[in-house]
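Spelled out from the first residue to the last, the chains are:
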Amino acid sequence: MEGRPSATIGLNSEHQLTTEAEIVLEARDLTRTYRRGNEEVHAVNGVSLTVRRGEFISCTGPSGSGKTTLLNLLGCLDNPNAGELTLAGRGIFGQGNNLSERRLTRIRRELFGYVFQNFHLIPTLTVRENVLLPLAFYRKPGLDGEADKLLTQLGLGHRLHHLPGQISGGEMQRVAIARALVNRPQILLADEPTGNLDSKRTDEIGEVLRELNRNAGLTLIMVTHNPRIAGLAGRIVEMRDGRIYEG
Amino acid sequence: MTRFRIAYRNLQRKKTRTLLTFSGIALSAWVLVSLLGFNRGYENALNRDVDNLGYQLMVMAKGCPYEAATMMLQGGTGFRYINETWLDSLRADPEIAGVTPILMQAYFDPNAGENGGIVGYFGVEAASFPAMKPFLRFHQGGWFGNGNAAEAVMGFEAAELEQRKVGDRILVPERNVELTVVGILERTGTQDDGIIFVPLRKLQEIAGTDKITTVGIKVKHDGDTAALERRLYQLPDVQVVSFSQVKQTIMKLISTARVMVLAIATIALLIAMAGVANTILMSVLERLPEIGVLKTMGAMPGDLFALVWMETLILCAGGGIAGIGLSFALARATAAWVRRILPYAPRGGLVEIDLGMAGATLAVIVGVGLISGLLPAWKAARVRPLDSIRSIN
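Going line by line, the protein sequences match chains A and B. Take my numbering: the last position of the first sequence gets the number 1678, and nothing is skipped along the way. Take my numbering: the last position of the second sequence gets the number 427, and nothing is skipped along the way.
Hints in this document: simulated from the structure, not taken from any laboratory. Yeah, the Cβ is synthetic: ideal placement off N, Cα and C, and Gly gets one too. A couple of the hints might just be wrong.
What the hints assert, rightly or not - Computed from the model, here is a short list of chain A residues facing chain B with C-beta under 10 Å: (1) Glu-1560; (2) Asn-1614; (3) Asn-1657; (4) Tyr-1676.
Based on the sequences and whatever the hints tell you, model everything.
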């Protein structure tokens, strides 16, 4: 029988929604352009966005509108051409300075967890080992037993020693979520997390993400095409032609 | 969760490909260790064989025949003699382990063969000669009782030709002296098979001389044979015959063959390592998106470099150990096979492998393997997560 996520998903006090709702991410006039032949494409065009701790933001919009590019800039996977980005009070990009891949990696592993459409679990590692994988490269202190706790909370306690090929798509995405959370990130970035799932599994993952935000106070930015899943977020922004629209 | 486990599990993804690469390395290691072992074993066996000749040097008067064939051709004439007084000065030489005096004689026996033939006699000391030739084994009987006994020990072919056995009495032609056969040697494959050995004093008495023709010299193991030869050449009217020259000639031939074989083994090793590079590089290219995701998790370029290098290390060390184990297990079979195909193989073990050799080979394989893993590891380290995420999407 497939396990269900527990009714309340809790992380640690770090993630509890604070009443003051401090700003954890602030983007100002972020711009990212690409060259496609002789044409210059403004994938993200002067986007400003403020994210407070404990917010759940959905980013929607048509294909090619710049959602994923924006998520990559916010998640320090890419350098902007212009604009500023401040994370947890630290200025990351600004005055046109580009950070090295090494610096970006340090920032990413401190602040972010990432969930992708295609799960990207290692097929020869068990569910538990996949979740433990990030700790082989970077480990914040006091994380003993974190993987097992997360997997149990996500309803995968009975799947610890299964290989990814032996579990469903929804379970694989829950494993990927646990992997993203094992180092206790401040912000979870999810790029089309339900894009490869049927409607039942989509609802299941949507519920997991909402639980993480509501009960654990995790800050969450999600890119999705699915309006039902987008509706779970407390705040919805829309991207069109590289610009952001809200409300 | 250790990086070793991650690397090990990565190798398990394409089991057939990993197994083939692993087998290639194991075969290379097996060939390399077996060849090194053969090189050492053959050299040692050849050394033992040459040592078993007893003496490495023979000293005799210039112009004196020293081979049985020459003796026969000259019809037993032309012997030149040296005084036994030389023996004391030779025994005192620090390079020399032992000396044995020999008197060579050849007599025409009209009853030998259809038209008669020359029979070779060696007068030797029962005290010093057998010690020089420890490989001599008796088919029947044993050595003479005392230095002046009218006794003889016959080489295997000499006894076979005359249908002699222990206890028979033989007549020394031309001298009409009777000797009792007290021993018949086993076949040695050397000229000793055709010789009749007589106590030195008895043969001197028969020949009517108090001199000898030859001194056999055994050089100490750590002795400098070449230096000793040079010293002996300084002596007037003396010629020196060296078996070490024979050994050196054989070893030169073996060295030539060894260089060729090692070159082939090196090529086999390089091909195996190209296989390693190919396997790991393919594995990295197939996993680029995943490697990018590892970077989003916090893996630094050095972490990924180390992870891919770890895969190379596991593959090379595992294959190397398996191949070396195989070479230990099959050492006897390899030696038997080599013995069958070689025109001449010395006695004893032809393949000698030890842990030092195995360790050195493993170090070479792992070292070369790690070099071949540099490119894939570098590629993995340079993956940009954004590129990999784009490829996912």
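Quick rundown of the hints versus the structure:
no. : hint     : verdict
1   : Glu-1560 : 6 Å, holds
2   : Asn-1614 : 7 Å, holds
3   : Asn-1657 : 16 Å, violated
4   : Tyr-1676 : 23 Å, violated
In this structure, the earlier hints numbered 3, 4 are contradicted, and the remaining ones agree with it.
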